[in-house]
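Number of protein chains: 2
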Amino acid sequence: MIPTGFRRVTPADVAAFRAICGDANVLTDQSDLEIYGADETEDLCFPPEVALRPANAGEVQTILRYCGEHRIPVTPRGAGTGLSGGALPVSGGVSLSLARLNRILEVDTDNLVVVTQPGVITQVLQETVEAEGLYYPPDPASRGSCFIGGNLAECAGGPRALKYGVTKDYVLGVEAVLSNGDLIRWGGKLLKNVTGYNLAQLLVGSEGTLAVITEITLKLIPLPKERICLVAPFDDGQAAARALTKIFTARLTPSAAEYLEGAAVRCAEAKFGKSFPQSDADAHLLLELDGNDRSLLDKDAETVAEICFAEGARDVLLADDRTKMADLWEMRRGIGEAVKSVSVYKEEDTVVPRARLPELVGVVRELCRKHKLDAITYGHAGDGNLHVNILKRELTDAEWNDRLPGAIAELFQRVVAMGGALSGEHGIGWVQKRYMPIALGPNELALMRRVKHAFDPLGILNPGKIFPDVE
Amino acid sequence: MIPTGFRRVTPADVAAFRAICGDANVLTDQSDLEIYGADETEDLCFPPEVALRPANAGEVQTILRYCGEHRIPVTPRGAGTGLSGGALPVSGGVSLSLARLNRILEVDTDNLVVVTQPGVITQVLQETVEAEGLYYPPDPASRGSCFIGGNLAECAGGPRALKYGVTKDYVLGVEAVLSNGDLIRWGGKLLKNVTGYNLAQLLVGSEGTLAVITEITLKLIPLPKERICLVAPFDDGQAAARALTKIFTARLTPSAAEYLEGAAVRCAEAKFGKSFPQSDADAHLLLELDGNDRSLLDKDAETVAEICFAEGARDVLLADDRTKMADLWEMRRGIGEAVKSVSVYKEEDTVVPRARLPELVGVVRELCRKHKLDAITYGHAGDGNLHVNILKRELTDAEWNDRLPGAIAELFQRVVAMGGALSGEHGIGWVQKRYMPIALGPNELALMRRVKHAFDPLGILNPGKIFPDVE
Chain Y
-12 MIPTGFRRVT
-2 PADVAAFRAI
8 CGDANVLTDQ
18 SDLEIYGADE
28 TEDLCFPPEV
38 ALRPANAGEV
48 QTILRYCGEH
58 RIPVTPRGAG
68 TGLSGGALPV
78 SGGVSLSLAR
88 LNRILEVDTD
98 NLVVVTQPGV
108 ITQVLQETVE
118 AEGLYYPPDP
128 ASRGSCFIGG
138 NLAECAGGPR
148 ALKYGVTKDY
158 VLGVEAVLSN
168 GDLIRWGGKL
178 LKNVTGYNLA
188 QLLVGSEGTL
198 AVITEITLKL
208 IPLPKERICL
218 VAPFDDGQAA
228 ARALTKIFTA
238 RLTPSAAEYL
248 EGAAVRCAEA
258 KFGKSFPQSD
268 ADAHLLLELD
278 GNDRSLLDKD
288 AETVAEICFA
298 EGARDVLLAD
308 DRTKMADLWE
318 MRRGIGEAVK
328 SVSVYKEEDT
338 VVPRARLPEL
348 VGVVRELCRK
358 HKLDAITYGH
368 AGDGNLHVNI
378 LKRELTDAEW
388 NDRLPGAIAE
398 LFQRVVAMGG
408 ALSGEHGIGW
418 VQKRYMPIAL
428 GPNELALMRR
438 VKHAFDPLGI
448 LNPGKIFPDV
458 E
Chain U
-12 MIPTGFRRVT
-2 PADVAAFRAI
8 CGDANVLTDQ
18 SDLEIYGADE
28 TEDLCFPPEV
38 ALRPANAGEV
48 QTILRYCGEH
58 RIPVTPRGAG
68 TGLSGGALPV
78 SGGVSLSLAR
88 LNRILEVDTD
98 NLVVVTQPGV
108 ITQVLQETVE
118 AEGLYYPPDP
128 ASRGSCFIGG
138 NLAECAGGPR
148 ALKYGVTKDY
158 VLGVEAVLSN
168 GDLIRWGGKL
178 LKNVTGYNLA
188 QLLVGSEGTL
198 AVITEITLKL
208 IPLPKERICL
218 VAPFDDGQAA
228 ARALTKIFTA
238 RLTPSAAEYL
248 EGAAVRCAEA
258 KFGKSFPQSD
268 ADAHLLLELD
278 GNDRSLLDKD
288 AETVAEICFA
298 EGARDVLLAD
308 DRTKMADLWE
318 MRRGIGEAVK
328 SVSVYKEEDT
338 VVPRARLPEL
348 VGVVRELCRK
358 HKLDAITYGH
368 AGDGNLHVNI
378 LKRELTDAEW
388 NDRLPGAIAE
398 LFQRVVAMGG
408 ALSGEHGIGW
418 VQKRYMPIAL
428 GPNELALMRR
438 VKHAFDPLGI
448 LNPGKIFPDV
458 E
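Chains as they are written, first to last, in this note's numbering: chain Y, -12 to 458; chain U, -12 to 458.
Don't read these hints as lab results, they were simulated from the structure. Since this is a predicted model, take the numbers as computed values, not measurements. It cannot be assumed that every hint is accurate.
As the list makes no split between identical chains, a pair holds if one copy fits it or if it spans any two.
Stated by the list, open to error - Listed below are the simulated DSS-like cross-link pairs for lysine-lysine, each with C-alpha atoms no more than 25 Å apart in a straight line:
| hint | residue 1 | residue 2 |
| --- | --- | --- |
| 1 | 333 | 357 |
| 2 | 150 | 206 |
| 3 | 206 | 233 |
| 4 | 333 | 439 |
| 5 | 420 | 261 |
| 6 | 150 | 286 |
| 7 | 357 | 286 |
| 8 | 286 | 258 |
| 9 | 150 | 327 |
| 10 | 286 | 261 |
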């Protein structure tokens, strides 16, 4: 697994790392390394040779400079909640945890920005700014445990993206360390800035392959005062997806529009011991509207309900108190974990233009029949982002390994033919890289490699990720 | 002016270009070349050796491949409305006009996106989507003549950025040609996409130095149904700037918040023969609120008016019919041209964190006194973006040339010390590049150069721009 040119970590390296970070922050016990060898991607584990927990950007610089000089691969790590294997140290070497860079440096209520270190939990950041009447909308399901730095690395999305955008839409500035140890600063508390190339944006979604982010400046917006949720069960999943398109063509912009297959909802019911209204339905839409005026929201909710009924919704249920809404969202956030606890699985993070979603729902069902596989789907339908969890269930290992690669390749070919892409918000990382040539041609991949080389000529930063082994 | 390694255009080259674009689209007359040698930056003119008007991406590819092979510099050109000299062919060679790639390819009302060629006039694009109830907010003052492709190249902003963001916030996908002739496509009709590095975003604001954009996919939003404008004259410009900060801390987000010095308003009155209310004031705020509910807007307008009065506004005038609002915005858009027609000038596109704007207004006045210069300021105060027009007026050439560079350098040093940057929306181009080391350190500039090399290893694309000659 060690690419040519990298070398193994020696006791002398470990001693050097201890001098940089302090003994307590250099982990070499096998039990620790197994923790740092995994994230939340399937059951994969690639233990690093050493895990480091630097305290600040200066220590990150010293570590990278050392690793560059000694050709030791470095895999940056946030909270380890990634779903594409971005934090897996697949080439060994160093796992570089940003967990100790965990301070919110400033909530600037005059300029509506927050300056933070990368190791802050996203929900902590959100609740901190909400206490000031401000809002940081990107809201991945893992927000209770993921780090904001990992959100940048993957360009995390979540249910609010259809109205409020994704992580990249909030990044105004970054401080980061290059693989040679150089510290760079880009942007700041500026809504407009065309002073040089927008390299801050390039780092967003680069999955730790270009630089290690050590400080982040994020745009905030005023927190909407009112919020209501609607749940619409449908007897036909494609009809649910069609209803969603009609909501948008009616020029309404919900703050969330989630598509949940009945099977996904039933997994969550079983796991959490809670019930979801009409969970026997084929699929549900979970819709949220927000704004500053309740009567406007009520009016919009009526229009949404009319559209859902016209497309065949069984019912449209309103949740407008905090407890009911919190319950709904807790169920929704737990669905991924619930579905994945059912069976060995493989998750795909498909994304298509929103209006093609009904077609995508149909394609998944068609391919499952064709390849004799079972899949449960759910996701952020409002932006065409459907998580497809293919389940092994009772299949033998041979059947599973035989059927899966062809089914996934065909799924991605169909997605790309619809104008879609391989991943909406989980990233490519380790587990999707082999499919990259389906989405990007040789010109695009060659250009990406040249950009990678411009940032990390030694190739020590998160090697083995994003780029396909064979093009 | 020809950097080492470039060669002059020969008659054989011209013949080759004629074979590619057709005779009518290869311009060599001196009068034509003078048009292609200028944009709207001061009175600068650097005629190209030949101007080409390709019809499609294929012709752009052939031209770039040819120019790469023959080391002929290529300066892409939109409508020539730039204010930093981005379209000036400072090294001679080819001016590559995108004017004939001028079709809107699709307004997709289901997915709320528009797919367009780069040579479409921004206002035409806006009006086309508005006819479908959709909205493309970025709104540079030159929108009646600038091209959407140039808006991408410069990451154009305009007055709506404080609520709706700038060009980059709407770019979902691009097709572009690299300097070796390779065509690349990135992104698409996808609100979320983390399939590889976000190179589409990197092209936005890269001022034609990385690739030539040949197709663009832009996000649209529903067009707000209601809009009102307020004009608040102040006897103290800094008080006007302070009022603006208070509007934001009251958690209101106007759709525009322009700061206009009295002197700027009076230039526009003189030029256009129209009157502006209370134009003898030291400064005005021109505020716009939009949304879907008129009564909510009226309530917000009341709060805005109260804040303005509390900060010392002389009056707050409401414009709520289309004609009055159109008149106000016409005056506002004409201010740049009006101020610049007064005298030889030098414009700086300063940007600071919004809450530092009162300080910036003071700094400009202080530096003018110190350096014995006269400046008129106006701009997008809601995002801290102040256009500073330094006027030569009665100064001798010697006085002007003697005082100006030091004053500008000091202005930028003060701006950067406030957390600001050299340009909010005009770009660096030719006229600001010497100041880049004030904003970016050697690490950042070296990284930018490596990124430039990754895209354009021959350095033929828009040479002489952005990067300082000496670092």
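Hints and how they fare:
no. : hint      : in the structure
1   : 333 - 357 : within (17 Å within a copy, 67 Å between copies)
2   : 150 - 206 : both (15 Å within a copy, 12 Å between copies)
3   : 206 - 233 : between (31 Å within a copy, 18 Å between copies)
4   : 333 - 439 : neither (28 Å within a copy, 39 Å between copies)
5   : 420 - 261 : neither (37 Å within a copy, 61 Å between copies)
6   : 150 - 286 : both (18 Å within a copy, 24 Å between copies)
7   : 357 - 286 : neither (44 Å within a copy, 59 Å between copies)
8   : 286 - 258 : neither (36 Å within a copy, 47 Å between copies)
9   : 150 - 327 : neither (28 Å within a copy, 40 Å between copies)
10  : 286 - 261 : neither (30 Å within a copy, 42 Å between copies)
Checked against the numbered hints above, the structure breaks hints 4, 5, 7, 8, 9 and 10 and satisfies the rest.
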